[in-house]
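Residue numbers (our numbering), protein chains in the order written: chain R, 1 to 258; chain V, 1001 to 1458.
Treat the hints with care, as some may be off.
[To be verified] From chain R, some residues computed to sit far from chain V (all C-beta separations above 10 Å):
#	residue
1	MET1
2	ILE20
3	GLY30
4	ALA57
5	LYS114
6	LYS123
7	LEU156
8	ILE162
9	ASN228
10	ASN241
[As the list claims (entries may be wrong)] List time: in silico DSS-like cross-link candidates among lysine-lysine, alpha-carbon distance up to 25 Å:
#	chain 1	residue 1	chain 2	residue 2
11	V	LYS1452	R	LYS62
12	V	LYS1455	R	LYS242
13	V	LYS1017	R	LYS242
14	V	LYS1455	R	LYS2
15	V	LYS1020	R	LYS223
16	V	LYS1086	R	LYS226
17	R	LYS114	R	LYS242
18	V	LYS1452	R	LYS63
19	V	LYS1017	R	LYS223
20	R	LYS163	R	LYS151
21	V	LYS1038	V	LYS1019
22	R	LYS242	V	LYS1452
23	V	LYS1448	R	LYS99
[Said to hold, decoys possible] Simulated coverage check for chain V against chain R, where a stretch passes if three residues somewhere in it have a Cβ under 8 Å from a Cβ of chain R:
#	region
24	1149-1160
25	1187-1199
26	1309-1321
Please keep in mind that the hints were generated in silico from the structure rather than gathered at the bench.
The beta carbon of each residue, even a glycine, is placed where N, CA and C say it ideally should be.
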Amino acid sequence: MKIGLFIPCYINQLYPQVGISTFQLLQQYGEVEYPISQTCCGQPMANSGCENDSIGAIKVFKKAFEKYDIVIGPSASCVLHLREHGVNIFPSAKEVIDKTYDLTEFLFDIIKIKHINATFPHKVALHKSCHGLRGMRLESCSERVKRAPDKQKKLLKLVDKIKLVSPSRADECCGFGGTFSVTEKDVSVQMGNDRLADYIHNGAEYITSGDMSCLMHLEGLIKRQKLNIKVIHMAEILASNKVMVPEEKEILETSNIH
Amino acid sequence: MEKGNSTHPVGAEAFNKDKKRVAWHDKALWFVREKRDKAAHQIPEWEQLRELAAQIKAHTLSQLDLYLEQFEKNALKNGIHIHWAKDAEEHNTIIADILENHQAKKVVKSKSMLTEECGLNPFLEQRNIEVIDTDLGERIVQLADEKPSHIVLPAIHKKKEEVGALFHQHLHTQKGASDPAYLTQEARKHLRTKFLNADAAITGVNFAVANTGGFVVCTNEGNVDMGANLAKVHIACMGIEKLVPSQEHLGVFLRLLARSATGQPITTYSSHFHRPKKGREIHIILVDNGRTNQLAKPDFKSSLNCIRCGACMNTCPVYRRSGGHSYNYSIPGPIGAILSPGKDLKKYSSLPFASTLCGSCTDVCPVKIDIHTQLYKWRQIIGKEGHLPKGKKTVMQLTGKVMGQSKTFSMMSAIGKKILGGPKVLAYNALNPWTEDRDLPSPNFTFKDWYKKNKNNE
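Using the sequences and the hints given, assemble the complete structure.
Now the structure itself:
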């Protein structure tokens, strides 16, 4: 299987280690390639009411990924955007978008992994990103009577020594919301701080998620306030025996580049 | 990014100045949301019930003209007076005329979001008619000279101490009193005299039944019944979307409404009106006021499914932390944010952006309005019609250009890395207001850098 690795723009720029973990995870299942011409899914423009300004991005996406059997990205949000809106925005990208999946979907639904060689001896809270939760139904949702398969939770439970902790509000939004985080800064920050207080109160050492954008917002608040909790993308936990534990990561990153 | 005509962020910023109040408001409404969850989870067929309700609404709206005529015919047969109002002004004028014909000077009014939408109270007050809101929450905001901040819980933004002070000022209750039982009792006494002396009662309509010509009004306080049964004239104001085809459909909605609104199995009072008593009159005003415009928009017509339960407000993390007044529209919250642009796109252009598109509103909606999808679609229309703040539009155009060209993207990515890796003060100035409260990581390589270097070693 020839896998096209889709690394969302902000992950490429701000969280390269998430890209590395995803790359290393996927390598077990096929020949993975990162087409370097890729840019972005176009969601920032489209969610801001500027779908037309996002056509170029989807065109680039189509061109970069059409030659692969399957396209995988570590972001429910970007993949969902392509699926729900990308096809409308640039219809000829449909074929590529139809074979584009979020990492959780790939591991749970396509590979159907039952074991994973990963160890993460920490208390971890799963932050269910709204687009994964409600858009893709990866997890059960507190307001819905119908239950979902809880794919992310099941994947995390495969990890050795991990201890999952539950927040008091099972699935409230973190308040990122793309440009919402800037245009509605006050509410956005309040939402983020409320989530953090909940995770900290329930004893989590780490907050994990299938979407780094939520975690970027939360980490921004954590670092500014010097709070005692960390964020980590699910891919990093699932690849923990491949990339090394987060504490050692900095050394690896430095040695790789310099 | 400039705030431009964004009224919601301005209101939200003001609300967020008092952090304790925000936390209290959030908690109060979350409590209601949790009650709703519990009530919903007690009905195993909940999701099917929602689907059924959505289909009944979709069907009714697809033949609204026929059902409205059927309703009119049956209501007239029952001796009810029917009036048609194309807009708020007609609605208000019709009511003023009815009241004048009966020389009615004192009016009691139960909760009706439609009369809020039409600005009925100030219209009647200007004509020297006393209008007393008889729903406790509405009476509170009326005494405070404010507007409801929630459609089911109009005074949810007020603390009991504030209500106590307000009642002390207007109803001469004990100074400093804040005991809800005492305050409610005093409000009850005050309202009793208003009910007994009213010349006319105005109510809303929750559901109207086409095949009977009857209608249902739901309350927890019985104020509809006190008003409508005591006064000589009962005027019921209803939006034309309130119809259901027949009596058997009512049960679906009555099961959904109170569970979604407050977590109760049913409202304390579900009052059915079919015909006036001898010597009395019932008038129904059927109001369009923009509804047929919304109905003509395929992407947005299902917003008319709304049964005004308020569940989307209680679940909305933005509403809970910005308060109903920040929306500056008679119906706040997610549903208000998809109804208001149909009324005045420019004026309400910030409302569809007052959301992270988390989608919880869509999930709780008992009539399955795809609220968050409609928010997204309104955003596109606002963008196309040129009502975005100028700075935002420019930034998006530029971002679109960068993302549309691999080479430009790489170049900008390299510049971005330099900026983020450079002195924080420079980087953070450029990224304000993200960085007023949040840091950003500043890795010294991008994933692309790493990949180029390592792809062959892996």
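Hints and how they fare:
1. MET1(R), annotated as away from the interface, keeps every beta carbon of chain V farther than 10 Å; the closest lies near 16 Å.
2. Interface exclusion of ILE20(R) from chain V breaks down, the closest Cβ pair being 6 Å apart, not more than 10 Å.
3. Every CB of chain V lies more than 10 Å from the CB of GLY30(R), the least distance being 13 Å, so the non-interface label holds.
4. The non-interface label for ALA57(R) is inconsistent with chain V: the shortest C-beta to C-beta separation is roughly 4 Å, within 10 Å.
5. Distance check on LYS114(R): its Cβ is at least 24 Å (rounded) from any Cβ of chain V, clearing the 10 Å threshold; non-interface status holds.
6. No Cβ of chain V approaches the Cβ of LYS123(R) within 10 Å, the least distance being about 23 Å, so the stated non-interface status holds.
7. Distance check for LEU156(R) against chain V: the nearest CB is about 22 Å away, which clears 10 Å, and the non-interface claim stands.
8. Against the 10 Å criterion, ILE162(R) stays outside the reach of chain V, whose nearest CB is about 24 Å from its own CB.
9. For ASN228(R), the requirement that its beta carbon stay farther than 10 Å from each beta carbon of chain V is met, with the minimum near 15 Å.
10. With a minimum CB-CB distance of about 15 Å to chain V, ASN241(R) clears the 10 Å threshold, and the non-interface call stands.
11. Straight-line distance between C-alpha atoms of LYS1452(V) and LYS62(R) comes to about 21 Å, which keeps the hinted pair within the 25 Å bound.
12. Annotation: proposed proximity of LYS1455(V) to LYS242(R) holds, straight-line Cα distance about 15 Å (limit 25 Å).
13. Of the supplied pair hints, the one linking LYS1017(V) and LYS242(R) is violated, its CA atoms being roughly 46 Å apart against a limit of 25 Å.
14. Pair hint LYS1455(V) plus LYS2(R) holds up; C-alpha atoms about 15 Å apart against a cutoff of 25 Å.
15. A distance of roughly 23 Å separates the Cα atoms of LYS1020(V) and LYS223(R); the hinted pair therefore holds under the 25 Å criterion.
16. A distance of roughly 58 Å separates the Cα atoms of LYS1086(V) and LYS226(R); the hinted pair therefore is violated under the 25 Å criterion.
17. Using a Cα cut-off of 25 Å, the hinted pair LYS114(R) and LYS242(R) holds, with the two alpha carbons roughly 18 Å apart.
18. For the suggested pair LYS1452(V) and LYS63(R), the alpha carbons sit about 20 Å apart, so the restraint of at most 25 Å is met.
19. In summary, the hint linking LYS1017(V) to LYS223(R) is supported, as the alpha carbons are separated by about 22 Å, within the 25 Å threshold.
20. Under the criterion of a C-alpha separation no larger than 25 Å, the hint pairing LYS163(R) with LYS151(R) is consistent with the structure, at around 16 Å.
21. Taking the CA atoms of LYS1038(V) and LYS1019(V), the gap is about 28 Å. The hint is violated against a cut of 25 Å.
22. Between LYS242(R) and LYS1452(V) the CA atoms are separated by roughly 19 Å; this keeps the pair inside 25 Å, and the hint holds.
23. Proximity of LYS1448(V) to LYS99(R) is assessed by CA-CA distance (about 23 Å); at most 25 Å being required, the pair is judged to hold.
24. For a cut-off of 8 Å, the count of residues in the region 1149-1160 of chain V with a CB near a CB of chain R stands at 0, and the three-residue condition is violated.
25. With 0 residues carrying a beta carbon less than 8 Å from a beta carbon of chain R, the region 1187-1199 of chain V misses the three-residue requirement, and the given coverage is violated.
26. Here the region 1309-1321 of chain V counts 4 residues with a CB under 8 Å from a CB of chain R, which clears the bar of 3, and the coverage holds.
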